[in-house]
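Protein chains: 2
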Amino acid sequence: MQVSTEQLFTDARTARGYLPGEVPDEALRALYDLVKFGPTAGNCTPLRIVFVRTPEGREQLARCMNPGGNQAKVRAAPVTAVLGTDLAFTDWLPTLYPSTDARAWYAGNPAKTHDTAVRNAHIQIGYFIIAARALGLDAGPMGGFDAGAVDAAFWPSTPCRSLVVCTLGRGDPARLHPRDPRLSFDQACLLR
Amino acid sequence: MQVSTEQLFTDARTARGYLPGEVPDEALRALYDLVKFGPTAGNCTPLRIVFVRTPEGREQLARCMNPGGNQAKVRAAPVTAVLGTDLAFTDWLPTLYPSTDARAWYAGNPAKTHDTAVRNAHIQIGYFIIAARALGLDAGPMGGFDAGAVDAAFWPSTPCRSLVVCTLGRGDPARLHPRDPRLSFDQACLLR
Numbered sequence: 738m739q740v741s742t743e744q745l746f747t748d749a750r751t752a753r754g755y756l757p758g759e760v761p762d763e764a765l766r767a768l769y770d771l772v773k774f775g776p777t778a779g780n781c782t783p784l785r786i787v788f789v790r791t792p793e794g795r796e797q798l799a800r801c802m803n804p805g806g807n808q809a810k811v812r813a814a815p816v817t818a819v820l821g822t823d824l825a826f827t828d829w830l831p832t833l834y835p836s837t838d839a840r841a842w843y844a845g846n847p848a849k850t851h852d853t854a855v856r857n858a859h860i861q862i863g864y865f866i867i868a869a870r871a872l873g874l875d876a877g878p879m880g881g882f883d884a885g886a887v888d889a890a891f892w893p894s895t896p897c898r899s900l901v902v903c904t905l906g907r908g909d910p911a912r913l914h915p916r917d918p919r920l921s922f923d924q925a926c927l928l929r
Numbered sequence: 738m739q740v741s742t743e744q745l746f747t748d749a750r751t752a753r754g755y756l757p758g759e760v761p762d763e764a765l766r767a768l769y770d771l772v773k774f775g776p777t778a779g780n781c782t783p784l785r786i787v788f789v790r791t792p793e794g795r796e797q798l799a800r801c802m803n804p805g806g807n808q809a810k811v812r813a814a815p816v817t818a819v820l821g822t823d824l825a826f827t828d829w830l831p832t833l834y835p836s837t838d839a840r841a842w843y844a845g846n847p848a849k850t851h852d853t854a855v856r857n858a859h860i861q862i863g864y865f866i867i868a869a870r871a872l873g874l875d876a877g878p879m880g881g882f883d884a885g886a887v888d889a890a891f892w893p894s895t896p897c898r899s900l901v902v903c904t905l906g907r908g909d910p911a912r913l914h915p916r917d918p919r920l921s922f923d924q925a926c927l928l929r
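Top line first, the protein sequences correspond to chains A and B.
Numbers in the numbering used here are just positions in the first sequence, counted from 1, shifted up by 737.
Numbers in the numbering used here are just positions in the second sequence, counted from 1, shifted up by 737.
Any given hint might turn out to be false.
Every beta carbon over 10 Å from chain B, so not counted as near; a handful from chain A, in silico [as the list claims (entries may be wrong)]:
1) 754
2) 840
3) 878
4) 894
Below, a sample of chain A positions facing chain B; criterion: calculated Cβ distance under 10 Å [stated by the list, open to error]:
5) 748
6) 795
7) 808
8) 877
9) 879
10) 924
Computed footprint of chain A on chain B; a stretch qualifies when at least three of its residues, placed anywhere within it, have a C-beta under 8 Å from a C-beta of chain A [as the list claims (entries may be wrong)]:
11) 763 to 775
12) 828 to 835
13) 916 to 922
Derived by calculation from the structure, the hints in this document are not laboratory data.
From a predicted model like this one, the values you see are computed outputs, not experimental measurements.
Cβ atoms here follow ideal geometry from the backbone N, Cα and C, with glycine treated the same way.
Using the sequences and the accompanying hints, generate a full structural model.
In structure tokens form, the structure reads like this:
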């Protein structure tokens with residue numbers, strides 16, 4: 738499918754409000770089917786997602802967001818994704834990395850396991866936001882929510898832990914603020 | 738610039754070796770000028786990059802990689818990026834988020850500052866890998882290296898800390914292994 742770097746990066750903006758319209762479940766499946774191919778350490782792919790798009794689910798999630806803007810954003814979005822990590826991702830390694838005993842890399846090392854789960858899921862959240870834009874969706878990632886409450890509501894009795902909550906839909910350009918500055922190449926990068 | 742989701746996700750592979758040819762510095766600047774626009778929490782954009790492409794720099798970096806394959810990969814790649822985070826990113830917030838005193842969100846909370854620096858830099862590493870592919874480069878991200886040695890060599894006396902090392906160039910398709918499996922939508926996602 739053809740896309741442009743403008744659509745993905747230079748013209749894309751974080752959505753603050755959405756135009757009317759549904760996001761079909763088929764689009765959410767297509768989104769995952771892009772995200773899943775992005776590289777992770779030893780193919781651990783720990784990202785787990787709850788796509789919330791029913792009125793009951795949306796209200797339950799909204800009540801877990803920080804009061805104020807974030808609650809309203811979830812209530813107004815066609816879909817909101819809870820993006821988290823599976824702290825027990827190593828259970829899947831015989832499937833995901835069949836060429837060797839990859840579980841041995843993590844055995845007896847819970848700190849390494851947790852670090853790998855959290856770091857690689859965040860790399861995949863980067864893939865998720867760009868993949869959503871590739872499919873014509875705008876994304877509104879947020880960190881302001883009660884992660885324990887989200888986990889209890891959407892991942893009860895599981896080793897999945899929420900990291901970012903991200904609204905999805907067709908962004909309303911009238912709701913955007915002016916874009917904030919970025920660091921220049923010479924402020925952020927070195928050539929050696 | 739036109740690209741395709743196949744080039745970015747479904748057909749793209751992690752490079753294990755590179756075809757001959759340089760990557761001009763202009764391409765590295767173009768890469769950063771895509772990556773910088775991806776969203777981060779409160780526009781904190783903590784990712785910092787060292788692009789290593791001189792023979793001396795390459796050898797210095799190779800010696801910091803885990804013995805075996807990772808050293809050889811760095812020695813064979815036209816460019817290798819050290820991707821890290823600026824633990825003092827809050828110093829830039831008056832520039833990056835001028836509409837309010839965003840430094841106050843982190844004041845007196847070193848754990849939150851560190852967590853924000855590490856998590857958001859990893860989201861930006863996801864943007865970096867996809868942006869490289871958008872520019873026709875293949876990426877070879879690696880976690881197996883001595884981070885303290887990399888920081889001492891490339892970011893001495895700074896608050897920058899390396900997270901991922903990523904080779905860049907035109908990947909050699911003859912060097913690829915078969916692709917590993919991915920979890921299905923129903924294994925990784927819930928609809929609510």
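Hint by hint, here is what the structure shows:
At roughly 15 Å, the least C-beta separation between residue 754 (chain A) and chain B is larger than 10 Å, which holds for a residue marked as non-interface. At roughly 15 Å, the least C-beta separation between residue 840 (chain A) and chain B is larger than 10 Å, which holds for a residue marked as non-interface. Listed as outside the interface, residue 878 (chain A) is inconsistent with that label: its C-beta sits roughly 6 Å from the nearest C-beta of chain B, within the 10 Å cut-off. The Cβ of residue 894 (chain A) lies farther than 10 Å from every Cβ of chain B, with a closest approach of about 13 Å, so its non-interface assignment holds.
Interface hint status for residue 748 (chain A): upheld, as the beta-carbon distance to the closest one in chain B is roughly 9 Å, under 10 Å. Given the 10 Å rule on beta carbons, the hint for residue 795 (chain A) holds: about 9 Å separates it from the nearest Cβ of chain B. Annotation: residue 808 (chain A) was flagged as interfacial toward chain B, and the flag is violated, the nearest CB pair being 17 Å apart, outside 10 Å. The criterion of a C-beta within 10 Å of any C-beta in chain B is met by residue 877 (chain A), whose closest approach is roughly 9 Å, and the hint holds.
Look at residue 879 (chain A): its Cβ gets to within about 8 Å of chain B, closer than 10 Å, so that hint holds up. The interface hint given for residue 924 (chain A) holds, since its Cβ lies 8 Å from the closest Cβ of chain B, which is under the 10 Å cut-off. Using a Cβ-Cβ cut-off of 8 Å, 9 residues of the segment 763 to 775 of chain B lie near chain A, which meets the minimum of three, so the contact claim holds. Coverage of the segment 828 to 835 of chain B by chain A holds. Counting CB-CB distances below 8 Å, 5 residues qualify, and the rule asks for three or more.
Counting residues of the segment 916 to 922 of chain B whose CB lies closer than 8 Å to any CB of chain A gives 5, so the stated coverage by that chain holds, three being the minimum.
Violated hints, in rising order: 3, 7; the structure is consistent with all others.
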